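Taken in sequence, the protein lines are chains L and D.
Under the numbering used here, the letters of the first sequence match residues 1 to 357, in that order.
Under the numbering used here, the letters of the second sequence match residues 1 to 306, in that order.
Keep in mind that the hints were calculated from the coordinates and are not lab data.
Keep in mind that this is a model prediction, so the values were computed, not measured.
For every residue, glycine included, the Cβ atom is placed at its ideal position computed from N, Cα and C.
It is possible that some hints are incorrect.
[What the hints assert, rightly or not] As a list, the in silico DSSO-like pairs of lysine-lysine whose alpha-carbon atoms are at most 27 Å apart:
1. L/245 to D/117
2. L/286 to D/113
3. L/307 to D/113
4. L/286 to L/245
5. L/245 to L/88
[To be verified] With beta-carbon atoms standing in for the labels, derived distance ranges:
6. D/108 to L/26: 35 to 41 Å
7. D/278 to L/351: 28 to 34 Å
8. D/85 to L/122: 47 to 53 Å
[Said to hold, decoys possible] To list a few chain D residues with every Cβ distance to chain L over 12 Å, as calculated:
9. 159
10. 174
11. 179
12. 276
13. 302
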Amino acid sequence: MLKRLMIATAALSLALGVGAAQAQEKFKVGFVNVGPKTDGGWTQGHWTGVQMLEKELGDKIEVTFLESVPEGPDAERAIEGLVQAGNKLIFTTSFGFMEPTLKVAAKYPDVMFEHATGFKTAPNVTTYNARFYQGRYIIGQIAAKMSKTGTAGYIVSFPIPEVVMGINSFMLGAQSVNPDFKLKIVWINSWMDPAKEGEAAKALFDQGVDIITQHTDSTEPLKIAQERGKLGFGQAHDMYDAAPKAQLTAIVDNWGPYYIARTKAAMDGTWKSQASWDGLAEGTVKMSDYTNMPDDVAAAAKDMQAKITSGEFHPFTGPIYKQDGTEVAADGVVMDDVSLLTMDYYVKGVDGTPGTN
Amino acid sequence: MSMAEAIIVTIIVASTPLLLAALGELVAERSGVLNLGVEGMMIMGAVAGFIATYETGQPVVGIVAAILAGMLMASLFAFVTLVLVANQVASGLALTLLGIGFSALIGESYANKPGIKLAQIRIPGLSDIPFIGPIVFGQDPLVYVTIALVIGVSYVMFRTRAGLILRAVGDNHVSAHALGYGVVRVRFLAVLFGGACAGLAGAYLSLVSTSQWLDNMTAGRGWIALALVVFATWLPWRLAIGAVLFGAVGILQFHAQALGIRVPAQFLSALPYLITIVVLVLISGNRMLMRSNTPAMLGQSFVPDR
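Given these sequences and hints, build the entire structure.
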């Protein structure tokens with residue numbers, strides 16, 4: 001509804017503004033998002049980035065930020081609507097927008113597209129992602145140190161490579177501290193459904209888990225953790241305010257610098273299709289303050305963060321084995337980006353199979 | 001609390017909003033009106049309940065606001081479909097779209113604000129009885145309101161004159177009109193009751209299940225409520241069973257996953273809808289059941305010929 005209203009408004013302003021805009025043609029940038037900009041997680045992370053972009057290039061650009069666009073055929077319509085409203089650079093910020101983005105991009109070769117977290121590029125489609133797995137390795141280590149039961153709960157959305165990679169990185173981090181660490185994984189089949197996320201958190205705590213982490217977007221699991229006197233990690237956004245007694249740290253997405261750089265490139269004609277994957281080193285991934293933990297745990301976490309940032313350590317360094325014992329990376333070998341981005345199996349120590357658990 | 005207690009308590013919390021919304025829709029459908037706007041009324045209840053509670057610090061004010069918001073949405077639907085005689089299916093869908101969009105608009109600055117959770121009641125002594133205590137005497141007040149509403153609706157619908165008139169209007173509006181009953185008035189009131197229940201169900205999501213407001217937080221529960229009414233073949237007590245069953249499937253699948261039982265998560269998520277389809281197939285094969293309970297005028301407009 002809101003989305004349609006915004007498209008209608010955009011179309012209307014285009015129609016009315018033709019004459020007035022001639023004096024100074026603003027560069028139009030569009031964003032298509034899966035959630036509301038106030039979700040406190042993923043989409044809010046992009047919104048924060050857009051605010052930085054507007055601050056930097058405010059008077060030269062015009063941003064349209066579409067919220068709560070469902071993944072699927074509806075997305076195609078939303079993206080095409082942005083093209084028709086005159087947007088020259090369009091960011092689609094969810095994995096499920098991959099095919100719709102490519103479809104629309106094929107029709108409009110003059111428009112530049114950027115798709116977040118996907119793995120398919122085209123001459124006018126760039127992919128961009130952040131190395132969230134770096135943060136997940138750090139929180140895996142913290143979880144293994146802080147858990148008394150030796151078991152963490154993991155609330156997840158959909159069995160896509162990004163999510164599976166996160167689970168594996170978390171587990172590799174935890175295993176580096178406690179080789180027998182256990183993980184209970186619950187799929188809720190949604191990116192954001194606060195009531196359901198809360199129910200999943202309750203189920204995990206009732207099953208004896210004392211730390212949870214999530215790959216869903218609302219703050220509800222952390223709130224439940226606080227209610228139960230348990231611990232957890234923030235996702236995509238610093239969720240400290242929602243659960244000051246439960247959040248250990250949060251993996252924070254910081255898209256602002258990337259959006260500024262790419263918009264500038266698009267405006268001065270140096271934009272090229274690429275597959276970008278920045279992380280802690282570039283500042284696209286940040287860790288929020290380490291709270292609710294002893295000093296030595298926080299110090300070790302900061303140390304690991306520094307090692308990953310400097311490139312001294314890579315979370316996916318062998319030996320890494322699949323569940324059945326097959327070696328995927330030999331001792332000391334770092335897995336390449338392609339095998340990370342297409343990861344569809346769990347590492348040894350994680351039970352179940354992705355999506356069926 | 002033992003594991004079984006904990007599971008039962010969470011099932012009750014998951015089932016209550018479904019039952020509330022479905023109960024309201026059941027009354028509306030019994031009067032012959034199909035209101036597909038449950039989701040829209042529910043989400044307006046959720047946002048109104050949250051905002052009023054946030055601003056006043058009083059969950060009771062929030063609950064009243066949610067009921068009023070649901071009724072306001074319902075009166076809009078009733079005006080369009082009963083007075084202006086618009087198509088009920090199209091108007092209901094429009095009501096849902098309106099509710100989702102409008103709630104996002106007015107709730108934008110309240111998203112992720114810390115809310116207040118409606119406390120569970122505690123009766124000294126009774127709430128401490130092992131097992132029975134937390135389940136029977138330790139729920140939030142709205143659970144008891146919901147149970148009372150199910151009993152109340154069941155009684156009024158089948159044991160009172162008012163209930164007889166409601167069903168008469170839903171089964172044959174021409175005859176009811178000929179007998180002198182105000183078909184439009186009865187339907188208007190039934191739709192308003194449906195709106196009040198849906199609004200309350202929405203408040204349950206933003207004040208009990210969670211303590212926050214987020215866009216689209218009803219996440220399709222209004223549609224499950226609609227499916228539940230058919231599942232229950234328009235009988236309130238079956239509705240209660242159905243709601244608990246749907247809630248239980250949702251909660252137990254999380255426990256099953258945490259226990260490592262290997263069932264595809266997508267299958268479990270689809271289960272409530274599969275059950276509804278199975279029930280629909282079964283009851284449509286049973287002519288007696290269909291004939292005796294389905295409101296014959298469901299979804300049909302009525303224009304009094306003076």
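So, going through the hints one by one against the coordinates:
1. L/245 to D/117: Distance ~17 Å between residue 245 of chain L and residue 117 of chain D Cα, so the pair holds.
2. L/286 to D/113: holds, 23 Å
3. L/307 to D/113: Violated - the C-alpha atoms of residue 113 of chain D and residue 307 of chain L are around 36 Å apart, more than 27 Å.
4. L/286 to L/245: holds, 20 Å
5. L/245 to L/88: violated, 44 Å
6. D/108 to L/26: 35 to 41 Å: violated, 25 Å
7. D/278 to L/351: 28 to 34 Å: holds, 31 Å
8. D/85 to L/122: 47 to 53 Å: For residue 122 of chain L against residue 85 of chain D, whose Cβ atoms are near 51 Å apart, the range 47 to 53 Å holds.
9. 159: holds, 35 Å
10. 174: holds, 37 Å
11. 179: holds, 42 Å
12. 276: holds, 18 Å
13. 302: Holds: least Cβ distance 30 Å, greater than 12 Å.
The earlier numbered hints that this structure contradicts are 3, 5, 6.
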